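Please model the complete structure; the sequences and the hints are all you need to start from.
Chains A and Z, in that order, give the protein sequences.
Numbering-wise (the numbering used here), the first sequence opens with residue 1 and increments by one.
Numbering-wise (the numbering used here), the second sequence opens with residue 318 and increments by one.
Don't read these hints as lab results, they were simulated from the structure.
Among the hints, a few may not be true.
[To be verified] To be clear about the criterion: a stretch of chain A counts as covered by chain Z if any three or more of its residues have a C-beta under 8 Å from a C-beta of chain Z, and this derived list gives those stretches:
| id | region |
| --- | --- |
| 1 | 59 to 65 |
| 2 | 142 to 156 |
| 3 | 245 to 257 |
| 4 | 295 to 304 |
Just so it is clear, the structure is predicted and the values come from calculations on it, not from any experiment.
No residue lacks a Cβ here, since even glycine has one placed at the ideal position from N, Cα and C.
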Amino acid sequence: MTATEHRRAPVSEPPGRARPTRRRRSPKPIQVQFRTIVSPHQLNSRWGRRIYWLVLIAVIVVFTLAFVFPLYWMITGAMKTPEEIAEMPPSLVPADPTLEAFFEAWDLFDIGTLLANTAYYALGAWLFSMAVDVTAAYALSKLRPMFGNVILGAMLATLMIPPMVILIPLYVTIVDLGLLNNAWGLWFPAAANGFNIFLLKRFFDSIPRELIEAAQIDGAGPLRVLWSVVLPVSRPILGVVSIFTIVTAFKDFVLPLLVMTDSEKMTISVGLSQTAGAVTQNQIMGGLVIASIPMIIVFFVFQRHIMAGLTAGSIKG
Amino acid sequence: MGILRRNLTAYGFLCAALICFTVFAWYPMVREFILSFQKTDLINPPTWVGLDNFKAAVQDPAFGEAWLNTVEFTLLALLCGYAVPFVVALVLNELRHARAYLRFVVYLPVMLPPIVAVLLFRWFYDPGPGLFNQVLDFFHLPPLAWLDSSSTALISLVLVSTWMNMGSATLIYLAALQNIPPELYEAAELDGAGILKRIRHVTIPQTRLILLLMLMLQIVATMQVFIEPYMLTGGGPENATVSVAYLMYQFAFSQMNYGQAGALGMLLMLALLVFAAFQLRTTREDRA
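Take a look at the structure:
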């Protein structure tokens, strides 16, 4: 890396003339921090560099078109009038941008209620499943009861069962327990999450014994150890698990579709799906934009945790 | 602290989870089995019907089509949702600029609620003012019927599904690629291996486990495809997009025949068990 860098480095720069803005730039070598398939030498060869920039620009353009443009289209679609949105060919920029559709969508879909419901279910699912999963993972990791491994295995086995396959019996169970249109009908199933328990247990396993024994010698009981020793050092994994639980609860569609059938109690996803046929296109788009905002905000704020969690998930198996 | 006391405390901590798992995960699995031999509409008391539910499910006119579609959907989704993210990750890993932006953007659709992606694409697929036909028109290409023709409907569903899901696969591959020791590439280069050979002899063997694992996960995930046919096509046109999961939903909630839905669920579970077993084996190897 250093060799290639030096070879290309300063090209005839007269000393003392520090006018960086006007300086004609010689092609800068591409910095390489880590070695990948293409070697730094190849990358910084004459053609390597040209191909690199070509590919880079192509990837940026294609990615922006494929992943950002649909969102742009959704937002601008919501800002068009019903006439303009039906126009052919469509306009790239709304001729007369208006926020009307957002307000109409808000009223038509009753988005205030839907969002409040969704937030309530997501927060409850988070609180309840954290309480259940953390205590379970702690017991399995640190208290090591008899048959602990069997229980853990049985919990992990549920990950192998595709959710759609047990959807019907799960629904029947929820009906039997009288939990239809009851938030517990979503919170209980959310807490039975083998993946959370696995991630938490694996992290708790890595907490040194001495730390816990020291607390025990000071007379702390199991609950105290969990609260004052284990939880504080587990903040990173708790963050990851929390975000994933909330995001999953917010995005979930099928179970809320079956469990929350009262229009008063629906989640935002279900509410939008039920009314989408009866309103104009720009109003639908307005509703979709509003429904996306919470998750986009979460993504902006917790980006790093989400990426970290994804990688933790990949090693999980 | 005696063994008994230690166990009692441990089970005290475990009891909430045990109740949740028993009632909402383990029991439904057993219930599926029971359900598939019963006739029930959840109002009248269930009656035992032997294998009738399985017979009725298999004889349903959409049964064969649903399995064919699901397999076809899975294969297409593997092509788009499994192979493409790997290639994308390979390219992204080589890029030295705009990495954060590209990673952010590719994961953006994953964050959206699926209903948003699905309704957005429903509008794109609109045969009239829909974006896709307008783009085709711009390039002077003939318009497509997208969701309205049995030849394009299934691939249209795969496109939505890929768009909203490929971000996580891409990032997982990217993480795996970054774990490959650079010395291996250097050694391969010294041995005179070109770029394609380095991919073949270093990259792929080094990411083999992740590749296998993702294959299983993808198959299991796409075999359950539901929201796309439910929202976009309702299984049509002419059953061209009926998936097994969607048919199951129809048995239960359109025909109020939960037993028959349970029977179909059992069949799907059996089909997926094969892959689950594979997955388990791959994971074992991973840990060893």
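(message) Of the numbered hints stated earlier in the document, which are not met by this structure?
(response) none
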